[in-house]
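Asks: Chains G and F, in that order, give the protein sequences.
Note that the numbering used here has the first sequence beginning at 68, numbered continuously upward.
Note that the numbering used here has the second sequence beginning at 66, numbered continuously upward.
Just to be clear, a hint being listed does not mean it is correct.
Unchecked claim - Quick list of simulated restraints, FRET-style, between CB atoms:
hint	chain 1	residue 1	chain 2	residue 2	range
1	F	123	G	77	22 to 32 Å
2	F	105	G	120	33 to 43 Å
3	F	123	G	76	44 to 54 Å
4	F	175	G	108	18 to 28 Å
5	F	163	G	122	13 to 23 Å
Source of the hints: derived by calculation from the structure; they are not laboratory data.
This structure is a prediction, so every number in the text was calculated from the model and none was measured.
Note that the Cβ used here is the ideal one computed from N, Cα and C, for glycine as well.
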Amino acid sequence: AQSVTQLDSQVPVFEEAPVELRCNYSSSVSVYLFWYVQYPNQGLQLLLKYLSGSTLVKGINGFEAEFNKSQTSFHLRKPSVHISDTAEYFCAVSDSRDDMRFGAGTRLTVKP
Amino acid sequence: ETGVTQSPTHLIKTRGQQVTLRCSSQSGHNTVSWYQQALGQGPQFIFQYYREEENGRGNFPPRFSGLQFPNYSSELNVNALELDDSALYLCATLDRGEQYFGPGTRLTVT
Numbered sequence: 068a069q070s071v072t073q074l075d076s077q078v079p080v081f082e083e084a085p086v087e088l089r090c091n092y093s094s095s096v097s098v099y100l101f102w103y104v105q106y107p108n109q110g111l112q113l114l115l116k117y118l119s120g121s122t123l124v125k126g127i128n129g130f131e132a133e134f135n136k137s138q139t140s141f142h143l144r145k146p147s148v149h150i151s152d153t154a155e156y157f158c159a160v161s162d163s164r165d166d167m168r169f170g171a172g173t174r175l176t177v178k179p
Numbered sequence: 066e067t068g069v070t071q072s073p074t075h076l077i078k079t080r081g082q083q084v085t086l087r088c089s090s091q092s093g094h095n096t097v098s099w100y101q102q103a104l105g106q107g108p109q110f111i112f113q114y115y116r117e118e119e120n121g122r123g124n125f126p127p128r129f130s131g132l133q134f135p136n137y138s139s140e141l142n143v144n145a146l147e148l149d150d151s152a153l154y155l156c157a158t159l160d161r162g163e164q165y166f167g168p169g170t171r172l173t174v175t
């Protein structure tokens with residue numbers, strides 16, 4: 068069975084600074100990996116996904132993530148954050164793209 | 066805007082009662098999944114329906130049940146509500162390998 072660990076429950080950062088949100092997964096089979104963002108009182112919005120191919124994946128809002136099979140990681144990065152990036156971020160893994168397992172989430176707070 | 070809608074947006078129920086939550090997709094995708102997101106946690110997979118039949122289930126008791134209709138709308142039913150059932154319930158439809166989430170229904174059990 069697959070599982071996801073998000074290593075930081077909260078990440079505070081100043082506006083225009085770079086940020087990395089860490090995600091490690093475990094799975095016995097090939098996986099698909101996802102990052103979602105959730106704004107207060109809203110559902111989940113897909114930021115980016117890795118299905119196959121290039122290990123560097125670019126998503127919306129300037130985010131990118133790198134799939135590292137040897138370290139079983141899929142860390143999310145952004146070179147310069149904005150106040151509007153304040154939200155909850157979830158890493159998810161699936162072995163079939165149907166049944167997703169989510170991490171506990173990382174609360175990103177961008178301060179002015 | 067994902068085209069996935071859920072109703073109601075908020076709901077308050079008493080312990081022991083039953084509740085029905087609804088989900089629909091403008092695009093009529095034939096696969097729908099339901100998730101429970103407790104406060105401060107990530108979504109947990111409840112089950113998935115494909116063409117009106119349950120197609121996978123997470124670690125939830127049988128009092129969590131579902132239906133999918135010919136128009137691909139879906140219901141989540143929870144019987145004998147417990148306080149720990151208080152959560153945001155999300156549905157997601159699957160289209161070409163990507164899940165599209167609705168805004169969720171916030172259920173509070175008192």
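Asks: Within 44 to 54 Å or not, the Cβ separation of residue 123 (chain F) and residue 76 (chain G)?
Replies: violated, 23 Å
Asks: I want to verify a distance hint. Is the separation of the beta carbons of residue 163 (chain F) and residue 122 (chain G) within 13 to 23 Å?
Replies: Given range 13 to 23 Å: holds, Cβ gap about 19 Å.
Asks: How does the Cβ-Cβ distance of residue 105 (chain F) and residue 120 (chain G) compare with 33 to 43 Å: does it lie in that range?
Replies: Once the Cβ atoms are compared, 34 Å apart, the range 33 to 43 Å for residue 120 (chain G) and residue 105 (chain F) holds.
Asks: Range first: 22 to 32 Å. Now tell me if the beta carbons of residue 123 (chain F) and residue 77 (chain G) are that far apart.
Replies: Holds: the Cβ-Cβ distance is about 27 Å, inside 22 to 32 Å.
Asks: Within 18 to 28 Å or not, the Cβ separation of residue 175 (chain F) and residue 108 (chain G)?
Replies: holds, 20 Å
Consistency with the previously given hints fails for number 3 only.
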